[in-house]
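Protein chains in written order, with my numbering: chain Y, 1 to 310; chain P, 1001 to 1448.
It should be emphasised that the hints constitute simulated quantities derived from the structure, not laboratory data.
Only a predicted model underlies this, so the values are computations on that prediction, with no experimental measurement involved.
Some clues are possibly wrong.
Cβ pair distances, simulated, as ranges [unchecked claim]: (1) P:G1369 <-> Y:K128: 51 to 59 angstroms; (2) Y:H16 <-> P:G1369: 34 to 42 angstroms; (3) Y:N287 <-> P:K1438: 53 to 61 angstroms; (4) Y:G39 <-> P:K1438: 34 to 42 angstroms; (5) Y:N8 <-> P:L1005: 58 to 66 angstroms; (6) Y:N8 <-> P:I1403: 51 to 59 angstroms; (7) P:F1041 <-> Y:K134: 51 to 59 angstroms.
Not everything, but these chain Y residues come out facing chain P in the computed CB check (under 7 angstroms) [what the hints assert, rightly or not]: (8) H71; (9) P79; (10) R82; (11) K101; (12) L103; (13) G267; (14) N271; (15) L274.
Backbone N, C-alpha and C define an ideal beta-carbon position, used for all residues, glycine too.
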Amino acid sequence: MNTLEARNITKAYSGHVALKDVSISVKKGNVFGLLGPNGAGKTSLIRIINQITGPDNGEVWFNGEKLKPEHVEKIGYLPEERGLYKKMKVGEQCMYFAQLKGLSAKEAKAKLMDWFTRFGIEAWWDKKIEDLSKGMAQKVQFITTVLHEPELLILDEPFSGFDPINAELIRNEMLRLKNNGSTIILSTHDMGSVEELCDEIALINRSQVILSGTVQEVKNHFRNQTFRIEYSGYAMDLGIALGAAFELISNTPDESGNVAIIRIPEGRKLNDLLAVLLKDLQIISVNEVVPDMNEIFIKAVNEFNNAQAV
Amino acid sequence: MNKILLIIKREYLVRVKKKSFIIMTLLGPLLFAGLMIGAVFVALSDSTQHNVLIVDPAGYLIKQEVADYKASGLERPRFKDTEDLTYEFTTITPTEEEFKNSHHSLWVQLDSVSYGDGMCEFYVKKLPSLEVQNRIQEELEASLEQWRVKKFGMDWKTYQSVKQGVTLNTHNVEKPDSGEHLREMAGVGFGFSLIIYMFIFIYGVQVMRGVIEEKTNRIIEVIISSVKPFQLMMGKIIGIGLVGLTQFVLWVVFSGIAVVVIGMVMGTSAEVPGNLNGEMIANPGVGGSMSLIENSEPVSFLLNVPWMQLIFAFLFYFIGGFLLYASLFAAIGAAVDQDTDTQQFMPFVTIPLVFGFIVSEFLWQNPEGTTGTIFGILPLTSPVVMMVKTAMGWNSSNVWELIVSMLLLIGAFVGTVWVAGRIYRVGILMYGKKATYKELWKWVRYKG
């Protein structure tokens, strides 16, 4: 079942098209990576899901219902541009946000106490935000986002501003929320965390979804039969053995021997390559070179932009 | 709890808990009362002792005012020595140096023509208060007048019956209750105008600052993912408006207390000059007791002021005017990124408001002018102007102005809130650039 479905969303601002026929579906309990270069339209889509703005065309469905105002209480949103009331006390502020999300004062207090204890920040309750460091304020902000146990959590660059220890804390909390059944949309440029956390992704570029699917599907899509082969023997022999049948991308000496990156053209298989190599060289290891998300991101965006430029 | 109530509560509590609010609320009335009483006392009382030397070269006044009375054993009716003013006469003109070194503080020099045309030279070591100058001038006028009557061989009684001024006794047939005190009543209304003007400015700017703060803090996006921008804007406006009302009510209460306390400290009200009572009561911010009014002729017009109408109109225009202007201030806040950028849009708000204030002041001087009718109806000026008009009372022939003005204010408020709301919902999410008027118009027309 899908927690969220955006169908054919189009949004334009005075002549500039922010989203063009964008569709995504986010399965319940998944972490969904919303990727894309700056200005691609991610924030516009997130704002539409949060009902901050409405789409010009298209529909958003939440848990099988057309999106309606009451749904904001089931969504938690941590925007990239975030802040708190500097002069307000931490406790008062958290209570305010929790009640805006529909919690009663009593519920809010109990849940806050729980979170404050877990983060070890009970002593901050009566402190003003302006007396906290940036990282501390970010923690408070994270709590206010997740306190009402939203079914859908939208996190826009959640790790920015955190030191590695606190980033790890947030990462673990995200996984805990996921295990408790929350669905998460994660918008980030940190491709490492995409690989680590996301089940599915959608890559938005120039207002359109140009790539989507599970992380594995996307990676498979970008596999191009390239292998890393560690061998011993003369490097020159490798080149001669390959001839024109295979594409030698690189061939460099390594600590343990020589390492070559070779791409197998369509119609041929790894066995064909190995058959050729085994004649003259001793093979130590063979690994497929699978592109990481960072490379996929760059490749997909560049290919799309180049195709549009033509 | 309803979200808009939550926002109102936050906006209200954050502000009333501020030290600056508490200090201003406590000190405001004291400052006001103190300033007013102080100013009146300074104006009325000049504690300096003045010794006036009147140089009368021909000796006419010396004979008439001093010698003759001395001879007859009567007390002289003019140039009486009082605590703060004593007179000495001489026929010998001193040099400036001699005057400087003398014990006289003021010197009035008559010459041969002064007896005829009344032109005298007035030398001072330090300029006395206007009140002291007036007293000296009046004494000299009366004295010279009597001398001239005698000189021309006229009978004093005949002269008095010839010299009669004209008094216009006002009877306003449209407003029979107002009697001749229309101007004073307008003055009371002007006091209320001043309060509305002040509160719209102070608290309207707070609304604008609040919006800018939420924008620059980047908190806005979090909030409007929970509430609609319109709810946030209205919550903010109403919350801050309530802070203003709270401060106003507390000021009235504390001012009352302050006046009573200051009155007690200064002694009984008999020692307070008559028009001071008037001043205190005429200013609604300071309050006053009705028993003082009844015994005090200069302030009896206060009984003619239609207080119920005035208080009702005050609440209506206070709230209506604030909502109208505050939504404009909110739209300005949403259209900019920082305080300094607001200057581009501020004239739209400040010019009508200041203009309304100027019209009110003008109306006070000319209570039934057409200007008042026009600007009392226009919504941007009516909250300030209508206070003066209401204080003078309404009747069947002109009450339509009040009704039209109120309806227009409601209509304008609804329209302005709608436009401001549309600018607001787009503006709060726009960072890093200053909006132009063209863009604002686009924002108003955005759908979705």
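The hints, checked one at a time:
1. Judged by the Cβ atoms, the range 51 to 59 angstroms given for P:G1369 and Y:K128 holds: they are separated by roughly 53 angstroms.
2. Separated by about 53 angstroms at the C-beta atoms, Y:H16 and P:G1369 break the suggested range of 34 to 42 angstroms.
3. Taking 53 to 61 angstroms as the suggested C-beta distance range, the pair Y:N287 and P:K1438 conforms, at roughly 60 angstroms.
4. For Y:G39 paired with P:K1438, a C-beta distance near 23 angstroms fails the hint of 34 to 42 angstroms.
5. Take Y:N8 and P:L1005: their Cβ atoms lie about 38 angstroms apart, and the range 58 to 66 angstroms is violated.
6. A hinted range of 51 to 59 angstroms holds for the C-beta pair Y:N8 and P:I1403, which are about 53 angstroms apart.
7. For P:F1041 and Y:K134, the Cβ-Cβ distance of about 56 angstroms falls inside the hinted range of 51 to 59 angstroms, so the restraint holds.
8. The restraint placing Y:H71 at the interface with chain P is violated, with a minimum CB-CB distance near 11 angstroms, outside the 7 angstroms limit.
9. Annotation: Y:P79 was flagged as interfacial toward chain P, and the flag holds, the nearest CB pair being 4 angstroms apart, inside 7 angstroms.
10. Among the interface hints, the one on Y:R82 holds; its C-beta lies about 6 angstroms from the nearest C-beta in chain P, closer than the 7 angstroms criterion.
11. The interface hint given for Y:K101 is met, as the beta carbon of that residue sits about 6 angstroms from the closest beta carbon of chain P, less than 7 angstroms.
12. Interface hint at Y:L103: violated, since its Cβ lies 10 angstroms from the closest Cβ of chain P, which is beyond the 7 angstroms cut-off.
13. Interface restraint check for Y:G267: the shortest CB-CB distance to chain P comes to about 52 angstroms, outside 7 angstroms, so the restraint is violated.
14. The interface hint given for Y:N271 is violated, since its Cβ lies 55 angstroms from the closest Cβ of chain P, which is over the 7 angstroms cut-off.
15. Because the beta carbon of Y:L274 sits about 56 angstroms from the nearest beta carbon in chain P, more than 7 angstroms, this interface hint is broken.
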